[in-house]
Amino acid sequence: MTFEIITLYAVSFCLVVGAIFTLVGAIGLLKFNDSMTRLHAPTKVGTMGVGSLLLASILYNGVFGGGAIHELLVMGLLFITAPISANFIAKVNMHLSACDPLPDLPEDEEWATLDTPASEPALTKEIIERS
Amino acid sequence: MTLATEIMNYSVILAFVIVGLCQLMSMVRVVIGPSTGDRILALDTMVVNAIGLVVLMGLAQGTRVYFEVSLIIAMLGFVSTVAYARFVLRGDIIE
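Chains A and B supply the protein sequences, listed in that same order.
Under the numbering used here, the first residue of the first sequence is numbered 1, with each subsequent residue one higher.
Under the numbering used here, the first residue of the second sequence is numbered 1, with each subsequent residue one higher.
Bear in mind the hints are in silico, worked out from the structure with no lab data behind them.
Keep in mind that this is a model prediction, so the values were computed, not measured.
A virtual CB, placed ideally from N, CA and C, is assigned to each residue, including glycine.
Honestly, I wouldn't trust all of these hints.
Claimed, not checked - With a straight-line Cα cutoff of 25 Å, these simulated SDA-like cross-link-like pairs (lysine to any residue) come out:
#1 A:K44 x A:A10
#2 A:K91 x B:V88
#3 A:K91 x B:R39
#4 A:K31 x B:V69
#5 A:K91 x A:F79
#6 A:K44 x B:G91
#7 A:K31 x A:A98
#8 A:K31 x B:V31
#9 A:K44 x B:S35
#10 A:K31 x B:L14
#11 A:K31 x B:V28
#12 A:K44 x A:V24
#13 A:K91 x B:L43
#14 A:K91 x A:E109
#15 A:K31 x B:V17
#16 A:K44 x B:T2
#17 A:K31 x A:C99
#18 A:K91 x A:G28
#19 A:K31 x A:G76
#20 A:K31 x B:L43
#21 A:K91 x A:P106
#22 A:K91 x A:G76
#23 A:K31 x B:G33
#24 A:K91 x B:V47
What the hints assert, rightly or not - Simulated DEER-style distance windows between Cβ atoms:
#25 A:E110 x B:I13: 45 to 55 Å
#26 A:D108 x B:G20: 48 to 58 Å
#27 B:S80 x A:N33: 22 to 32 Å
#28 A:E110 x B:F87: 34 to 44 Å
All chains should be built: construct the whole structure from the sequences, respecting the hints.
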């Protein structure tokens with residue numbers, strides 16, 4: 001009985017923490033004034049906010065529902081994919097020049113995001129010459 | 001109803017209200033976002049908030065059928081974010 005009461009309090013704590021982090025992320029998304037700055041806030045929603053909500057679900061189902069940790073799959077998927085999508089959105093911001101101007105590179109090179117891919121026929125021709 | 005159960009019910013309701021509010025705020029950013037990157041970011045945040053809402057709904061109803069829903073929404077959200085970003089970056093999704 002005591003164990004179940006402690007679990008209920010832990011679930012409530014996780015829910016409140018997740019809700020607060022989600023609110024912080026949404027306020028940051030709405031109030032910041034630069035595209036790259038706005039990218040910073042909602043990544044907290046993905047990791048801490050929904051992570052805490054899923055942890056609450058794991059705790060509740062683990063004690064009252066027979067004990068399953070299916071939600072770890074969702075949590076792992078979110079933790080893996082959040083940095084990848086944030087990286088893609090940062091590249092979109094760089095591509096559309098929605099951020100500060102990029103510094104020049106020392107060598108005679110181009111930023112990989114802005115670089116145009118080598119044209120297809122030249123590439124195949126090079127491969128054929130090499131072989 | 002004991003005190004702990006009552007506190008948990010209230011915190012579920014609080015989390016529902018706050019996550020729904022965050023969904024609305026992200027929607028505002030989708031509408032007013034100056035650049036395309038902001039809109040993609042706001043849509044990604046809305047997907048993550050939708051996962052949170054589905055998890056909260058499963059917690060409130062005490063069922064476990066919503067787990068698959070949240071998993072599928074997570075996978076679809078990642079794929080759609082990457083597809084939007086690829087479309088802006090390359091003008092094409094699958095080259």
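Checking each numbered hint in turn, tell me which of them this model violates, lowest number first. Result: hints 4, 6, 16, 19, 28 break, sorted rising.
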